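Produce the complete structure using the sequences and hints provided.
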Amino acid sequence: MQGKIIKGIAGFYYVHVPGHGVYQCRARGLFRKDDLKPLVGDDVGIEIISDTDKEGNITQLLPRRSELIRPASANVDQAMIVFAVMNPKPNLGLLDRFLIIMNRQGIDTVIVFNKTDLVTEAEAAALADTYSGSGCRVILACVREGKGLEKIRGILSGRTTVVAGPSGVGKSSMTNKLYPEAKMQTGEISRKVKRGKQTTRHTELFALGGGTYIMDTPGFSSLYLTDMEPEELKAYYPEFEAFFRDCRFAGCNHINEPDCAVKDAVKAGKINRDRYEGYKLLYEELSSLRRY
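For the sequence shown, the tail end lands on 317 under our numbering, and the numbers increase by one without skipping.
Hints may contain errors.
Unchecked claim - Below, computed lysine-lysine pairings styled on DSBU-like, alpha-carbon distance capped at 30 Å:
id, residue 1, residue 2
1, K202, K114
2, K259, K295
3, K288, K305
4, K305, K114
5, K259, K288
6, K202, K172
7, K292, K305
8, K176, K202
9, K114, K259
10, K114, K176
11, K305, K295
12, K292, K114
13, K295, K114
14, K79, K58
15, K305, K259
16, K79, K202
17, K176, K295
18, K62, K79
Stated by the list, open to error - Each pair of labels, with its calculated beta carbon distance range:
id, residue 1, residue 2, range
19, R270, S157, 16 to 24 Å
20, A147, R53, 53 to 61 Å
21, G294, G44, 49 to 57 Å
In short, the hints are calculated from the structure, not lab data. No experiment lies behind these values; they were computed from the predicted model shown. We put the beta carbon where it would ideally sit given N, CA and C, even for glycine.
Structure below.
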């Protein structure tokens, strides 16, 4: 029998088998021998120990289409990052870091700005415009009023999506409104683990039918770029690319160099100034880390 790992806690893996439910499984020792660790999102083969108690063993790891380092997961098609336009006020530096981390791992990202009822239409539009050149699709939403939910549902349909964002931005509310059955899965696993609310600290995959999976992750307030040289950073700002060849220096980092076409584009309004200022801050941070 084959299924997909939707959660892993304390040596147990919870495997969703379409049409049969969720099985609590252990991983066979052969995986440890081969230095393989099952990940949330892995497609696996299992043997059933008890159909009544929904228990089994993982006997096979099927080939992965993709593998994410952060959050540790497999077979992800895309990421959806959720921020509020207000309450809490969006930390754009944090958003930029997330986009870079996903880009480095080859994962397309959708940005959702929630709680648009708390600002004017012009303010929401200006925030969306900041990321219009980022290569990401941007959606303005108000989960409380149902605005943008059908558009989000269409993007999620038939794909495995990592949903991430800081605490308090409406991420869980969005998931519950789109897919009320997600709450049922959480309850089913909680009864098996008997650990209540503590399970929300773990990455969890919800099987929603029709090949649609949402990977919910714990809220975060900080992200760090590691193993990255400051000179690499510009490659993760797609809005800069059209101007690279017009810079005076081939290796221009668009910071202090003269005759920089990227800086000229910022002055001319062709590149969003907030995005450029965020780039400079990250460049300085990475340069400082290299010195130490």
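Against the structure, the hints come out as follows:
1. K202 x K114: 23 Å, holds
2. K259 x K295: 16 Å, holds
3. K288 x K305: 11 Å, holds
4. K305 x K114: 21 Å, holds
5. K259 x K288: 12 Å, holds
6. K202 x K172: At roughly 11 Å apart (the allowed maximum being 30 Å), K172 and K202 satisfy the hint.
7. K292 x K305: Satisfied, since the Cα-Cα distance of roughly 15 Å is no more than 30 Å.
8. K176 x K202: 13 Å, holds
9. K114 x K259: Holds: K114 and K259 sit about 26 Å apart, inside 30 Å.
10. K114 x K176: 23 Å, holds
11. K305 x K295: 17 Å, holds
12. K292 x K114: Holds. K292 to K114 sits at ~26 Å (cutoff 30 Å).
13. K295 x K114: Judged against 30 Å, a Cα distance of about 26 Å means the pair holds.
14. K79 x K58: 26 Å, holds
15. K305 x K259: Within the cut-off at roughly 10 Å; holds.
16. K79 x K202: Satisfied, since the Cα-Cα distance of roughly 28 Å is no more than 30 Å.
17. K176 x K295: 28 Å, holds
18. K62 x K79: 22 Å, holds
19. R270 x S157: 16 to 24 Å: For R270 and S157 the Cβ distance comes to about 22 Å; the hint holds.
20. A147 x R53: 53 to 61 Å: 58 Å, holds
21. G294 x G44: 49 to 57 Å: Holds, at about 55 Å.
When the structure is compared with the earlier hints, no violation turns up for any of them.
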